[in-house]
Structures are given as structure tokens and as C-alpha cells.
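Enquirer: Put chain V on the given structure of chain R with help from the hints.
Just so you know, the protein sequences line up as chains R and V, in that order. Numbering-wise (our numbering), the first sequence opens with residue 1 and increments by one. Numbering-wise (our numbering), the second sequence opens with residue 192 and increments by one.
One should not assume that every hint holds.
[To be verified] Calculated lysine to any residue pairs in the SDA-like style (CA-CA distance at most 25 Å, straight line):
1. V:Lys228 / R:Gly15
2. R:Lys55 / V:Ala239
3. R:Lys55 / V:Ser213
4. R:Lys14 / R:Tyr57
5. R:Lys184 / V:Ile202
6. R:Lys180 / R:Val169
7. V:Lys200 / R:Ala186
8. R:Lys187 / V:Lys193
9. V:Lys193 / R:Arg109
10. R:Lys59 / R:Asp46
11. R:Lys26 / R:Arg3
12. V:Lys200 / R:Pro114
13. R:Lys168 / R:Met74
14. V:Lys193 / R:Ala186
15. R:Lys59 / V:Val214
16. V:Lys240 / R:Asp83
17. R:Lys26 / R:Pro68
18. R:Lys180 / V:Val214
19. V:Lys200 / R:Gln125
20. R:Lys180 / V:Glu198
21. R:Lys180 / R:Gln126
22. R:Lys26 / V:Ser217
23. V:Lys200 / R:Gln129
24. R:Lys187 / V:Asp196
25. V:Lys228 / R:Gln126
26. R:Lys59 / V:Asp274
27. R:Lys55 / R:Glu25
28. R:Lys26 / R:Glu155
29. R:Lys55 / R:Lys187
30. R:Lys154 / R:Leu166
31. V:Lys200 / R:Ala121
32. V:Lys200 / R:Leu182
33. V:Lys193 / R:Arg175
34. R:Lys154 / V:Ile202
35. V:Lys200 / R:Pro137
36. V:Lys193 / R:Gln126
37. R:Lys180 / V:Lys228
38. R:Lys154 / R:Tyr82
Since the hints were made in silico from the structure, they are not lab data.
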Amino acid sequence: MERTEAELIAAVLKGDAASFEPLIEKYSPRVFATARRYARRESEIDDIAQEVWLKAYQKLGSFRGEAPFEHWLMRLAVRTCYDFLRSHQRNREAAFSDLSEAEDDWLERFVQQPGASPEDAEAAQQLVQRLLLNLSPAARLVITLLEIEDRSVKEISQLTGWSAPLVKVRAFRARAEMRKILAKVAKEKYL
Amino acid sequence: MKLVDLERKLIAVARANPPGDSVPPSFERRMMALILKGPVQDLWAGWAKALWFAAAPCVAVMLLCSGWAMVESARHPQPSSVDLAQQLDNTLLAAVDQNAE
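Just chain R, same shape as in the assembly:
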């Protein structure tokens, strides 16, 4: 008979480390999807996922069982991703000056006909990545959670551990930061 999550967690806490494996198996897709939002390379994604699971194992004693395990794990994953962004912020890629031909074409098409430029184009996705890479860690986190994942301020507050007013302030600053970067692109390319 398959054991429930609560039983697996209780077993791990009693010293049966092997009971942790079904939890890794079940929730790794969510952890990897979260890591892919913030990492640039597959090797970094792997590192983040490993870090999340190691922390989860070490801190399992602090899981109270009041909320689902998945929520607790996602909080841990988001905070680990934020730590990762902060520790790698010196490696933030520089500018939009070295856009590929495809990215240039996509932007050109957007300028001429904003509605016609396709959203699923590889070039558009690369532009999004470039934009996110140029944001500060806090701005990237809040833009990802608020604008891209469409989460509420309350949810972001729970995920990040920031207060609701702090989330609002950071969201305001993040949007300003994003517009500043886009203004720079527009200036470099079209002025």
C-alpha cells in the first residue's frame, strides 16, 4: 500500500532517509520548473534543484504539517532561487547591444506592427531572457512571480517572506527598472 506524505515525512524524521525518495520523485518536476525560471544553463538548474532538496531534507523538522508539503517546498525553492540570483548577480549579462539577427528582426517587426510579432518565437523568448538577466535579483523575482506567474501580493509575500508592503514597493521599483532597461534598448536601436 502506498504511504501518505505525512507518513513518509514522519518516517524520514524518525531516521528512515530512504522514505524521502518518493517525495523527491513526486515534486521534482515542480522544483525543476521553478529553477528554470531563474537559471540560465541546465547545469545551474541541476545545482538549484539539488540545493532545494538538500535544504528540504535538512530542514524537514521545521515542517509543521499545517500547510501542504508542496507549499512549504515551493517557499524553500523560491527562496533558494533568490539566494542563487543574489550570489550570481555579478555575472548578469550586460547589454542589448549584441542582439542576434533574429531578435533584431523580431523587434523590428514589433515596431512596425506590434500585434503581428509572434509570442512563441524563439527570438522573443531570448529577448525576455535578456530582459530578466538585466534585472536585479529582487526585481527579477518579483516580476517573475507577479507579472509572469500572475501571483497575488499575498502569495508572493508568503513565498518570499517579504511583507506585503515590501512586495508592493519592490514591484513598483522592478517595473521602473524594467522600463529603464527597455528605454535603453529603444535608445540604442531606434534613436
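Expert: Below, chain V alone, put in the same frame as chain R:
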């Protein structure tokens, strides 16, 4: 080019293309091996941590000794002719004085 439109478009692009949730093969097994191996001991980090922990008791001992010395000197005032510098000189040069005698 309208920046607000570009911003909206790029956000829409990001929303339309969520990241994949694929997991590398045998990740669970690798992870379990890491967990069962236990945390890697970083001796330098441990040493630095121990130094930080030791700093607070050292400061506390220093403060206690200073307080004790102040209280003692207030309770038993030294004759004005024998000051601390003189005492220190005498102590440091005691060996030299003995050799000279």
C-alpha cells in the same frame, strides 16, 4: 516604439512559454546518494564559525576583568607614588634586575 507595449508584449511572451518541468534521468537516485552521504565537512568554514562563536565569550571575559580591576582599584587605592606604569616596568624588568644582582 511604445515602451509600455513592448513591456506588455514581452510579459505575454514569457507567460505563453512557461518553462518545462522535465527532470534529468535518475535525479532521485543521485539526490538520495547525496543525502545519504551526509553534509560535506568544510574545515575552514568550521574554524571561522568557531572563531566567531569564541569572540563573544572573549569580549565578555575582557569586560568582566576590566570591571573587576576597576572595582578592586577603587576598594584598595594604590599609593600615589606607585603607579601602574611603574608596576609594569618592575614586572617586565624583574628578570633583568635579578640577573644584575
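Enquirer: Could you run down the list of hints and mark each one as holding or not?
Expert: Status of the hints after comparison with the structure:
{"no.": "1", "hint": "V:Lys228 / R:Gly15", "result": "holds (14 Å)"}
{"no.": "2", "hint": "R:Lys55 / V:Ala239", "result": "holds (22 Å)"}
{"no.": "3", "hint": "R:Lys55 / V:Ser213", "result": "holds (21 Å)"}
{"no.": "4", "hint": "R:Lys14 / R:Tyr57", "result": "holds (12 Å)"}
{"no.": "5", "hint": "R:Lys184 / V:Ile202", "result": "holds (18 Å)"}
{"no.": "6", "hint": "R:Lys180 / R:Val169", "result": "holds (17 Å)"}
{"no.": "7", "hint": "V:Lys200 / R:Ala186", "result": "holds (14 Å)"}
{"no.": "8", "hint": "R:Lys187 / V:Lys193", "result": "holds (12 Å)"}
{"no.": "9", "hint": "V:Lys193 / R:Arg109", "result": "holds (13 Å)"}
{"no.": "10", "hint": "R:Lys59 / R:Asp46", "result": "holds (20 Å)"}
{"no.": "11", "hint": "R:Lys26 / R:Arg3", "result": "holds (13 Å)"}
{"no.": "12", "hint": "V:Lys200 / R:Pro114", "result": "holds (8 Å)"}
{"no.": "13", "hint": "R:Lys168 / R:Met74", "result": "holds (21 Å)"}
{"no.": "14", "hint": "V:Lys193 / R:Ala186", "result": "holds (9 Å)"}
{"no.": "15", "hint": "R:Lys59 / V:Val214", "result": "holds (23 Å)"}
{"no.": "16", "hint": "V:Lys240 / R:Asp83", "result": "holds (20 Å)"}
{"no.": "17", "hint": "R:Lys26 / R:Pro68", "result": "holds (14 Å)"}
{"no.": "18", "hint": "R:Lys180 / V:Val214", "result": "violated (36 Å)"}
{"no.": "19", "hint": "V:Lys200 / R:Gln125", "result": "holds (11 Å)"}
{"no.": "20", "hint": "R:Lys180 / V:Glu198", "result": "holds (11 Å)"}
{"no.": "21", "hint": "R:Lys180 / R:Gln126", "result": "holds (19 Å)"}
{"no.": "22", "hint": "R:Lys26 / V:Ser217", "result": "holds (13 Å)"}
{"no.": "23", "hint": "V:Lys200 / R:Gln129", "result": "holds (13 Å)"}
{"no.": "24", "hint": "R:Lys187 / V:Asp196", "result": "holds (16 Å)"}
{"no.": "25", "hint": "V:Lys228 / R:Gln126", "result": "violated (39 Å)"}
{"no.": "26", "hint": "R:Lys59 / V:Asp274", "result": "violated (58 Å)"}
{"no.": "27", "hint": "R:Lys55 / R:Glu25", "result": "holds (16 Å)"}
{"no.": "28", "hint": "R:Lys26 / R:Glu155", "result": "holds (23 Å)"}
{"no.": "29", "hint": "R:Lys55 / R:Lys187", "result": "violated (44 Å)"}
{"no.": "30", "hint": "R:Lys154 / R:Leu166", "result": "holds (11 Å)"}
{"no.": "31", "hint": "V:Lys200 / R:Ala121", "result": "holds (12 Å)"}
{"no.": "32", "hint": "V:Lys200 / R:Leu182", "result": "holds (12 Å)"}
{"no.": "33", "hint": "V:Lys193 / R:Arg175", "result": "holds (15 Å)"}
{"no.": "34", "hint": "R:Lys154 / V:Ile202", "result": "holds (21 Å)"}
{"no.": "35", "hint": "V:Lys200 / R:Pro137", "result": "holds (22 Å)"}
{"no.": "36", "hint": "V:Lys193 / R:Gln126", "result": "holds (20 Å)"}
{"no.": "37", "hint": "R:Lys180 / V:Lys228", "result": "violated (47 Å)"}
{"no.": "38", "hint": "R:Lys154 / R:Tyr82", "result": "holds (18 Å)"}
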